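Undergrad: Please take these sequences and the hints and turn them into a complete structure.
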Amino acid sequence: MKIAFPYMGTSHIAFKMLIRDLGHEPMVPPKLSKKTLTYGTQHSPEFACLPFKILLGSYLEAIEQGAELIITSGGSGPCRAGYYGVLHQKILQDLGYDTKIIVMESPYRNPFDFLGKIKSVISCSGVSWWTFIKVFYKAWEKLKLLDETEFLSHQIRPFECLRGETTKVFKECLNVIDESQTTEQIREARKLTQELLNNISQDHTRKVLKIGIIGEIYVVLEPFANHDLEVTLGEMGVLTHRSIYLSDWTRESTGYESKKNIIKAASPYINELFGGHGIYSVGHTVLYSQKGFDGVVQLAPFTCIPEIVAKTILAKVSNDFAIPVLTVFLDEQTGKAGLQTRLEAFVDLLGQKRAIQEGVVT
Amino acid sequence: MPTKIGIPRALSYYAYYPFWKTFFESLGHETVTSPLTTKHVLDNGIKEAVTDACVPIKLFHGHVCDLKEKSDFLFVPRFVSVCRERKVTFCPKFLGLPDMIKTSISGLPPLLDVRIDLKKGWAELFKVCVCLGKRLDNNLMEISRALNRGIKAQKRYEKLLLREFTPVEAIAMLEGNKEFVQNRDTRLKFALLGFPYTVYDKFINVDIINKLKKMGVKIFTTEMVPPKILLSQAKKVPKNLFWYFSNQVLRAALYYIDHVKVDGIIHITAFGCGPDAMVDKMIELEAKHRGPVPFMSITIDEHTGEAGLITRLEAFVDMLLLRSEMT
Chain A
1 MKIAFPYMGT SHIAFKMLIR DLGHEPMVPP KLSKKTLTYG TQHSPEFACL
51 PFKILLGSYL EAIEQGAELI ITSGGSGPCR AGYYGVLHQK ILQDLGYDTK
101 IIVMESPYRN PFDFLGKIKS VISCSGVSWW TFIKVFYKAW EKLKLLDETE
151 FLSHQIRPFE CLRGETTKVF KECLNVIDES QTTEQIREAR KLTQELLNNI
201 SQDHTRKVLK IGIIGEIYVV LEPFANHDLE VTLGEMGVLT HRSIYLSDWT
251 RESTGYESKK NIIKAASPYI NELFGGHGIY SVGHTVLYSQ KGFDGVVQLA
301 PFTCIPEIVA KTILAKVSND FAIPVLTVFL DEQTGKAGLQ TRLEAFVDLL
351 GQKRAIQEGV VT
Chain B
363 MPTKIGIPRA LSYYAYYPFW KTFFESLGHE TVTSPLTTKH VLDNGIKEAV
413 TDACVPIKLF HGHVCDLKEK SDFLFVPRFV SVCRERKVTF CPKFLGLPDM
463 IKTSISGLPP LLDVRIDLKK GWAELFKVCV CLGKRLDNNL MEISRALNRG
513 IKAQKRYEKL LLREFTPVEA IAMLEGNKEF VQNRDTRLKF ALLGFPYTVY
563 DKFINVDIIN KLKKMGVKIF TTEMVPPKIL LSQAKKVPKN LFWYFSNQVL
613 RAALYYIDHV KVDGIIHITA FGCGPDAMVD KMIELEAKHR GPVPFMSITI
663 DEHTGEAGLI TRLEAFVDML LLRSEMT
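Just so you know, the protein sequences line up as chains A and B, in that order. The first sequence begins at 1 in my numbering and counts up by one. The second sequence begins at 363 in my numbering and counts up by one.
Careful, some of the hints might be misleading.
Here are the in silico distance ranges between beta carbons for each label pair [what the hints assert, rightly or not]:
#  : chain 1 : residue 1 : chain 2 : residue 2 : range
1  : A       : K316      : B       : C445      : 28 to 34 angstroms
2  : A       : T182      : B       : R652      : 49 to 55 angstroms
3  : B       : N572      : A       : R354      : 55 to 61 angstroms
4  : A       : E25       : B       : K517      : 45 to 51 angstroms
5  : A       : Y108      : B       : R652      : 32 to 38 angstroms
6  : B       : L684      : A       : Q93       : 26 to 32 angstroms
7  : A       : Q93       : B       : K551      : 25 to 31 angstroms
8  : B       : G667      : A       : G96       : 46 to 52 angstroms
9  : B       : E664      : A       : G351      : 33 to 39 angstroms
10 : A       : Y97       : B       : K597      : 22 to 28 angstroms
11 : A       : K316      : B       : E392      : 55 to 61 angstroms
To give a feel for the contact side, a few chain A residues facing chain B, derived at Cβ under 10 angstroms [said to hold, decoys possible]:
#  : residue
12 : P45
13 : T72
14 : G75
15 : R80
16 : Y83
17 : D94
18 : Y97
19 : P111
20 : F114
21 : I270
22 : G275
23 : V317
24 : L326
25 : F329
26 : E332
To be clear, the hints were calculated from the coordinates, so they are not data collected in a lab. For clarity, every value in this text was computed on a predicted model and none was experimentally measured. Where a beta carbon is used, it is the ideal one built from N, C-alpha and C, also for glycine.
TA: Here it is, written out as structure tokens:
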């Protein structure tokens, strides 16, 4: 069966392998583009958030190429993302497609439903549960490797001697990871990618600004949605630190890692989980300022409810901790040039603030 | 002098005002409500609230501004859930409301920001009331009596709503102001759906209810469907929405499409409303596939102009009249 899945950062490389290992044909949707967004915007509700529109556009493109089944993740609210699957399915039906969407809900809410859905996927290709566990573990390793590699690339980019080299090497690394198929190969790929990235000639005498990136998970993770924000900042000579990676998000929602610290940091300001990554945005800002970051960029899709609440509260956090916060709401109208100008202005101001603090200028 | 408790005339006001008013007054305190929404209130709200917030939230800020000088305590509860359904809560903006108010408006009186979470059952309401009463220096006897009276008032109020009065009319009737008569001479039946704070705030939706009534349309709203019937509609959708008011709206839409056979559906939604983006599309698709029932969505914001809205309403009503004449 041809199975499609949504884009989210670099994760498609791991999912592609997982689906192939399960005996199906992975159907990676065409690279996200203007066309994807146009498709998505045309059939989505006007005020649906950007991820909704990107996903819908991506599904439509995948269906055009022959996808027979779509697998995506669910959620339990109060963020809208948990309802995407249902509404996407209804919209596809309305457009006359009978492609089915399987929504994986958290196994803790309803384990039978979770296992049943997995069974429906693996049984039609005759894969045993034991094999499933093995290949799932392998895909998980790959996902972690992808995240590690990306993390490292953001650490190196501001110091690179030749602008743009890290981005080029990072693409190579992704190819290397994509080609590794067995656990053994993934282990080798880890060594190789680290070597490749560390071999980039770097100038560590540079003084770099440190910016933390917070906000709604999809627009933070997907470079198409945030117009390559981290690369843009990195090439301006800013060390970025992203608060969310997919591998720790997956770990958290399957119960491996508690986010107690972040929630504790946010608790003087808000003591209620209000959906999405809202409370984490508040908590991370507090933590970033304690770790000596120069500023924080908050990314959110237009009309994202939890992040609007977070933005209101961040105004006070920013005041109390003297940490500048730039909030960027993204939608299908956002242009790269406009975003770049805002980032440049923000970085300039941060640079001046740092200079004053260090007594270089008064 | 009795303590004055300010209750903003926005958001949950339209759903639960009679309860809180009776509750606080039985405790021996005075309640103050902000006036009907005006341009001034809206402007204050726009000034104080974060730009990306939806207009009902901005209005709430405006009403709070109006009350902050007039009251000793401000009642800004944190609504988490009011029913026992799993996963159902309120819009994240309700969940973070007291914190948003605290950070955006300065010079506030102390907030009565209780957390209302009735997922575990009605006993929780008693705890909430005890917590409120303790802060206002009342004893347990007084609190139980006030709670009892509050519930009775709320029941009377909900009965009036089921008799097809709007919340604004029902609140006026409970306060003994005047009798309202229902419009009998109607040509069309419309379901007018949306959150209570968008449908019943006359200023922000430029009095759509009375405009429609004058055009000879009989209005059905979410509040006019008995709760049990609403709940029975839940099985028609594959997955419940996560927001209480949105669920009510969607279920009312399903009920009116399938059982009342309304001539048209008008959905009022606030610009940039997150939950409504989902609900609006769901109603549109359900109206198309189950009916088909003509559907119109009206977006309200800070700039809603009267003329544009009247034109759209007239066109919609005219088309539906034509349609009913043809069949």
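Undergrad: So, A:F114 near chain B? Judge it on the closest CB pair being under 10 angstroms.
TA: violated (15 angstroms)
Undergrad: Look at the Cβ atoms of A:Q93 and B:K551 and judge whether their distance stays inside 25 to 31 angstroms.
TA: holds (28 angstroms)
Undergrad: Taking 10 angstroms as the limit, does the beta-carbon of A:P45 come near enough to a beta-carbon in chain B?
TA: holds (4 angstroms)
Undergrad: Next item in the hint list is A:I270. Is there a CB on chain B closer than 10 angstroms to its CB?
TA: Result: holds, 4 angstroms to nearest chain B Cβ.
Undergrad: In this structure, is the beta-carbon distance linking A:K316 and B:C445 contained in 28 to 34 angstroms?
TA: Given a distance of about 32 angstroms, which is inside 28 to 34 angstroms, the answer is holds.
Undergrad: Within 45 to 51 angstroms or not, the Cβ separation of A:E25 and B:K517?
TA: At roughly 60 angstroms between Cβ atoms, B:K517 and A:E25 fall outside 45 to 51 angstroms, so the hint is violated.
Undergrad: That 26 to 32 angstroms hint for B:L684 and A:Q93 (C-beta), does it hold up?
TA: For A:Q93 against B:L684, whose Cβ atoms are near 30 angstroms apart, the range 26 to 32 angstroms holds.
Undergrad: At the C-beta level, are B:N572 and A:R354 separated by a distance inside 55 to 61 angstroms?
TA: Given a distance of about 59 angstroms, which is inside 55 to 61 angstroms, the answer is holds.
Undergrad: Do the Cβ positions of A:Y108 and B:R652 conform to the proposed distance bound of 32 to 38 angstroms?
TA: Roughly 34 angstroms apart at Cβ, these two residues keep to the hinted range, so it holds.
Undergrad: Does A:V317 pass the interface check with chain B, least Cβ-Cβ distance below 10 angstroms?
TA: holds (9 angstroms)
Undergrad: Per the hint of 22 to 28 angstroms, is the separation of the Cβ atoms of A:Y97 and B:K597 within bounds?
TA: With a Cβ separation near 25 angstroms, A:Y97 and B:K597 satisfy 22 to 28 angstroms, so the hint holds.
Undergrad: Is the shortest C-beta separation between A:G75 and chain B less than 10 angstroms?
TA: holds (9 angstroms)
Of the hints listed earlier, those the structure fails to meet are numbers 4, 8, 11, 13, 18, 19, 20, 24, 26, in rising order.
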